[in-house]
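Each protein sequence line maps, in turn, to chains Z and W. Residues in the first sequence are numbered consecutively from 1, following my numbering. Residues in the second sequence are numbered consecutively from 1, following my numbering.
The hints are simulated quantities; they were obtained by calculation from the structure and are not laboratory data. Any given hint could turn out to be false.
No farther apart than 27 Å at their CA atoms in a straight line, the calculated lysine-lysine pairs in the DSSO-like style are these [unchecked claim]:
no., chain 1, residue 1, chain 2, residue 2
1, Z, Lys266, W, Lys335
2, W, Lys167, Z, Lys245
3, W, Lys222, Z, Lys149
4, W, Lys197, Z, Lys175
5, Z, Lys158, W, Lys197
6, W, Lys335, Z, Lys226
7, W, Lys94, Z, Lys221
8, Z, Lys52, W, Lys94
9, Z, Lys15, W, Lys52
10, Z, Lys245, W, Lys300
11, Z, Lys15, W, Lys167
12, W, Lys222, Z, Lys18
13, Z, Lys166, W, Lys16
14, W, Lys94, Z, Lys265
15, Z, Lys251, W, Lys272
16, W, Lys197, Z, Lys15
17, Z, Lys69, Z, Lys108
18, Z, Lys266, W, Lys170
19, W, Lys272, Z, Lys18
20, Z, Lys149, W, Lys16
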Amino acid sequence: MLHIVACIKQVPDTKIIKMNPKTNTMDRASAPAILNPYDAHAVEEAVRLKKKYGGIVSVLTMGPPPAVKAIKKCIELGADEGYMISDRAFAGADTLATSYALTKALEKIAKQRPIDLIICGKMTIDGDTGQVGPGIARRLNIPPLTGVKKVVEINKEKGYAIVHRKLEDGYEVVKSQLPCLFTVEKDINDISFAPLPNMIKAARYQPTIWTADDLEDVDRKQLGLKGSPTIVSKVWAPPKPEGGKILSGTKEQQVNELLSIVLEKKELFV
Amino acid sequence: MNFDDYRGIWIYVEVKDGQIAPVSLELLGAGRVLADKRKTELAGVLIGSGVKTVAPMLFQYGADVVYVYDDPIFEHYRTEPYMRALLDCCHKHKPEVILYGATPSGKDLASAIATDLPTGLTADTTILDIEEDTGLLLASRPAFGGNIMATILCKKYRPQMATVRPKVMKALPPDPSRTGRVIEEHIELHEEEMRTKVLEIVRETTKKARIDEADIVVAGGKGMGSKEGFQLIHQLAEVLGGAVGASRDVVEVGWIDHHHQVGQTGVTVTPKIYFAIGISGAIQHVVGMQNSELIIAINKDPNAPIFQSCHYGIVGDAFEIVPLLIERFKEEIPKLKGAHAKEEIRHA
Ligand SMILES: Cc1cc2nc3c(=O)[nH]c(=O)nc-3n(C[C@H](O)[C@H](O)[C@H](O)COP(=O)(O)OP(=O)(O)OC[C@H]3O[C@@H](n4cnc5c(N)ncnc54)[C@H](O)[C@@H]3O)c2cc1C
Ligand SMILES: Nc1ncnc2c1ncn2[C@@H]1O[C@H](COP(=O)(O)O)[C@@H](O)[C@H]1O
Chain Z
1 MLHIVACIKQ VPDTKIIKMN PKTNTMDRAS APAILNPYDA HAVEEAVRLK
51 KKYGGIVSVL TMGPPPAVKA IKKCIELGAD EGYMISDRAF AGADTLATSY
101 ALTKALEKIA KQRPIDLIIC GKMTIDGDTG QVGPGIARRL NIPPLTGVKK
151 VVEINKEKGY AIVHRKLEDG YEVVKSQLPC LFTVEKDIND ISFAPLPNMI
201 KAARYQPTIW TADDLEDVDR KQLGLKGSPT IVSKVWAPPK PEGGKILSGT
251 KEQQVNELLS IVLEKKELFV
Chain W
1 MNFDDYRGIW IYVEVKDGQI APVSLELLGA GRVLADKRKT ELAGVLIGSG
51 VKTVAPMLFQ YGADVVYVYD DPIFEHYRTE PYMRALLDCC HKHKPEVILY
101 GATPSGKDLA SAIATDLPTG LTADTTILDI EEDTGLLLAS RPAFGGNIMA
151 TILCKKYRPQ MATVRPKVMK ALPPDPSRTG RVIEEHIELH EEEMRTKVLE
201 IVRETTKKAR IDEADIVVAG GKGMGSKEGF QLIHQLAEVL GGAVGASRDV
251 VEVGWIDHHH QVGQTGVTVT PKIYFAIGIS GAIQHVVGMQ NSELIIAINK
301 DPNAPIFQSC HYGIVGDAFE IVPLLIERFK EEIPKLKGAH AKEEIRHA
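Using the sequences and the accompanying hints, generate a full structural model.
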């Protein structure tokens, strides 16, 4: 029986988010909150591994109360248990403080049921860093395997995992001791449609929710804004490009003009 | 923490198959500026097996010092041994800044080091500066899917760390007369104690797919309508001898695989010519190609944002324009080649 924990986050859909041009802040109301797309692949992979090897999939998130919705989405995808840590003390956390709080929660989960494998997404679409997963691995002192695009084998008895890690020009096959932590690429799987029983379960599901006080041996100085070494000092809108010259005339004239512009770089063609 | 104990700008240097990664040379260029402002040394940290020989190159590109950890245990990048080496170096020599390429291994290593030290780490930086007197690193990066730029500071911890996006900073022209100090370091690591093992490395991308190296990239978007429609992009790339690029939406619907995706979550390209055909020009796409020398857009919507980010644009239907282009290039390119051949003969 494997116990796999996927770390997931609820994020604003940055594809459609509107920015306030005066303050350069996000208008959160303009974008729906969704399950971070990369984390959906983390949960999907955990569920597939559960089906293959037997076991239990838990999901863990740190976030404000509405993030329960993201946990429900994971239950739809086939997760068994959901845990959420939610407290004002966690607010304003950068990746270092986030990995600290999540690690404390993972330690508590592991006391109830030892963890064999942790799966994170490649990155979040709001934070865009991909630093939280490796941070958790470091804190738990387990090997991080970033950029996993295929899981070849998990062998709990012998205590190892074999995966393909994405490289810039291919992939490497790596064997790691268990427990370990994966961060997964999007191409690792396609998200399956949620079967009806999962939808029903998800609708009723209530995750376990912990505050900072519920976690053990927590150093409050390492939580939230206080525990974050990085500070955002300035935000501004990315410079607007000036725009190019639109070619005019008939199609043939436009094509001919473009041709001469391109062929001016003749060294590229000889 | 006494900040005065922390001196020097460090670059984590990546070496693969005996070659220094281009991003490491770019970082030496950026790091040189920071080091000069701070009147301090620029160092490269080299970890690998048989990598000592590349040290002179690092001097030519701007380094004053190179720390070397050369040991067979470092043959392939693995978090654990690399992290041990870099932590050892940090504890001994205390840098004020460490920069890493925002590559798979650079990000992996930086995250582990930041957690262990601990210190702040700014991801995917695209603009770097430093305050001359305080040494405060100003690391700026796109955030929220490229919707804003933010400057990130790390005021209370040293070293300050950032991963920096490849192809954004500029390498210095190499200066063969520059030299520096090589400092060889060593730590005790035993293979039996390593918890991961690289069993095999598979290189799978063909030359053609390496769009980050191509001089001409012809990229297509959802506007190509279908996988069949997208063939026009392949055909134009073929006549021009270029590589094929794509927007994320095209990759998502499966017209082409992820290696071809240009943009924030794909590759950054800086070819001599970039064609964006049937691509709307979302900011996440544009950040991956905006530094191309010549950007040409073809889109039927005159208000498409791509026209803000191109040098030349044609407002029109790709299915009319592109076949014409292909036909005309087929006529003209051989003429250029012919003219060039004659020229060569004349010079010979
Ligand atoms: C976190 C995050 C990361 C992202 N990363 C990336 C990334 O790395 N790369 C990336 O590309 N995107 C990325 N995106 C997605 C990006 O926001 C856009 O959704 C995507 O680039 C749009 O692709 P497109 O331009 O092909 O499609 P569309 O936006 O659908 O645009 C199609 C265009 O084709 C034009 N068109 C239609 N028919 C024709 C015709 N016959 N002839 C000519 N023109 C025609 C239309 O006018 C339109 O402008 C990311 C998004 C997020 C949130
Ligand atoms: N608040 C959070 N709660 C749970 N998991 C998170 C949280 N933030 C980040 N993660 C995990 O860490 C990964 C990388 O996030 P990031 O470093 O923010 O890009 C995500 O894909 C998640 O798996």
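Quiz item: Any hints this thing doesn't respect? Which numbers, in order?
Solution: 6, 8, 9, 14, 16 and 19
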